[in-house]
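Q: Sequence:
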Amino acid sequence: MRGKSARQQLEERGLFDDYRRKFPYKPAAKFLPRNEQSVVPMTFDPDTTYYGEIGIGTPPQFFKVLFDTGSSDLWVPSISCTSSACDKHVKFNSSASSTFQAGTKTFSVSYGSGYAAGNTGYDLIKISNLYVEHQIFGLTVTEEAFLGFVPWDGILGLAFPGLSNEGGTPIFNNMWNQGKIPQNMFSMYLSRSIEGSMLILGGTDSSYYTGSIQWIPLYQATNFWSIQIQSITINGNTVACSGSCAASVDSGTSFIIGPSKDINNINGWLGAFSDQYGDAAVSCSNTDLLPDIVFNINGYSFALPPSVYVIKSASGCRTGFASGTWILGEVFMQQFYTAFDINNNRVGFAQAV
1 MRGKSARQQL EERGLFDDYR RKFPYKPAAK FLPRNEQSVV PMTFDPDTTY
51 YGEIGIGTPP QFFKVLFDTG SSDLWVPSIS CTSSACDKHV KFNSSASSTF
101 QAGTKTFSVS YGSGYAAGNT GYDLIKISNL YVEHQIFGLT VTEEAFLGFV
151 PWDGILGLAF PGLSNEGGTP IFNNMWNQGK IPQNMFSMYL SRSIEGSMLI
201 LGGTDSSYYT GSIQWIPLYQ ATNFWSIQIQ SITINGNTVA CSGSCAASVD
251 SGTSFIIGPS KDINNINGWL GAFSDQYGDA AVSCSNTDLL PDIVFNINGY
301 SFALPPSVYV IKSASGCRTG FASGTWILGE VFMQQFYTAF DINNNRVGFA
351 QAV
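Each step along the sequence shown adds one to the number in the UniProt record's numbering, with nothing skipped, and position 46 is 46.
For the record, the hints were derived by calculation from the structure and aren't laboratory data. Honestly, I wouldn't trust all of these hints.
Each computed EDC-like pair below joins lysine to aspartate or glutamate, with the alpha-carbon atoms no more than 16 angstroms apart [as the list claims (entries may be wrong)]:
| no. | residue 1 | residue 2 |
| --- | --- | --- |
| 1 | K26 | E11 |
| 2 | K312 | E12 |
| 3 | K126 | E53 |
| 4 | K91 | E53 |
| 5 | K64 | E195 |
| 6 | K126 | D87 |
| 7 | K180 | E133 |
| 8 | K64 | D87 |
| 9 | K312 | E11 |
| 10 | K312 | D262 |
| 11 | K312 | D47 |
| 12 | K105 | E53 |
| 13 | K26 | E12 |
| 14 | K26 | E53 |
| 15 | K4 | E195 |
Given only the sequences and the hints, what does the whole structure look like? Please build it.
A: In structure tokens, the structure reads:
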């Protein structure tokens, strides 16, 4: 599903300015080297909107989770959570599940300004019609205030096991190990409508894309879904990523992120100006006249039209480009159906329908 973003909810209440100041957006946070192994770095991303429903326990208790290819842990709020953020979400009651087993480890998720923390447990996880047995997951007992405004209750990580801070096997790897899926891959279709987005477990579905999938090998063993981009061009001019750059494909980041020099250059080509939040704003009246932005990757060209990279909200129009380390987030994945192939260490892109 595609829900209301935290930005939309906060703007409606007139609280966005306060939250933006208190919780600055640092999209590169989770891609920085880890010092403290028990901490999952994260940031307040006010624009992420996609989530799906999973069931935890017997009988299942249902949660909305962000399917995040930029992290490897599953966590949801627990009934023991006392933070106001948890009161706005579903909380897991371990004593109501006959299959729950308590874990011995604690875990914490760190944010630019605060953190969520809790305990681990094991239980049966239901995703669509699949059941994953004895899956480790985190149960938060404290959460940062901004999580009260995100449209999902928790996060389900789909990156590699080396990133797991809970110390167990991530859910997708368990799915494969337990023989629940036909292929060791998953894929995503992010619709621009409220309904229609899909997470396909165990393969791809050609009804969500046109043409063929172009495969790109993973670049460096980072535990993230990282690929190498050769260049980013507008009308044949290289505007960013000159001489190539490594980027992570991340469904848990809303925008396309890159070093400020490159992002400022792209936004400059689009005639963007800085608004009161420091976002790159553009006039809503002539967005269809803006150029395609072309990502040249592994010999293929992926053209991103303004209908995808311009984000319209109550406060106006802005571009879907922000500063940090290179990340291809939801803005890119809305245009390109994305397959994540664990067996062959590669990512595939095809034109989304």
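Q: Take the hints in turn and mark each one as holding or not.
A: Status of the hints after comparison with the structure:
1. Of the supplied pair hints, the one linking K26 and E11 is violated, its CA atoms being roughly 20 angstroms apart against a limit of 16 angstroms.
2. With a CA separation close to 15 angstroms, the supplied pair K312 and E12 stays within the 16 angstroms bound.
3. With a C-alpha separation of about 9 angstroms, the suggested pairing of K126 with E53 holds against the 16 angstroms cut-off.
4. At roughly 14 angstroms between alpha-carbon atoms, K91 and E53 fall within 16 angstroms of each other, so this suggested pair holds.
5. For the hint linking K64 to E195, the alpha-carbon distance of about 14 angstroms falls within 16 angstroms, and the restraint holds.
6. At roughly 23 angstroms between alpha-carbon atoms, K126 and D87 are farther apart than 16 angstroms, so this suggested pair is violated.
7. Among the hinted pairs, K180 with E133 is consistent with the structure: their alpha-carbon atoms are about 10 angstroms apart, no more than 16 angstroms.
8. For the suggested pair K64 and D87, the alpha carbons sit about 14 angstroms apart, so the restraint of at most 16 angstroms is met.
9. Taking the CA atoms of K312 and E11, the gap is near 13 angstroms; set against the 16 angstroms cutoff, the hint holds.
10. For the given pair, K312 sits about 23 angstroms from D262 by alpha-carbon distance, which is inconsistent with the 16 angstroms threshold.
11. Of the pairs offered as hints, the one joining K312 and D47 holds, with about 11 angstroms between alpha carbons and a cut-off of 16 angstroms not exceeded.
12. Of the supplied pair hints, the one linking K105 and E53 is violated, its CA atoms being roughly 25 angstroms apart against a limit of 16 angstroms.
13. Using a Cα cut-off of 16 angstroms, the hinted pair K26 and E12 is violated, with the two alpha carbons roughly 23 angstroms apart.
14. Simply put, K26 and E53 have alpha-carbon atoms about 27 angstroms apart, too far for the 16 angstroms limit, and the pair is violated.
15. Note on K4 and E195: the hinted pairing holds, with a Cα-Cα distance of about 12 angstroms set against a maximum of 16 angstroms.
Of the numbered hints given earlier, the model fails hints 1, 6, 10, 12, 13, 14; all others are met.
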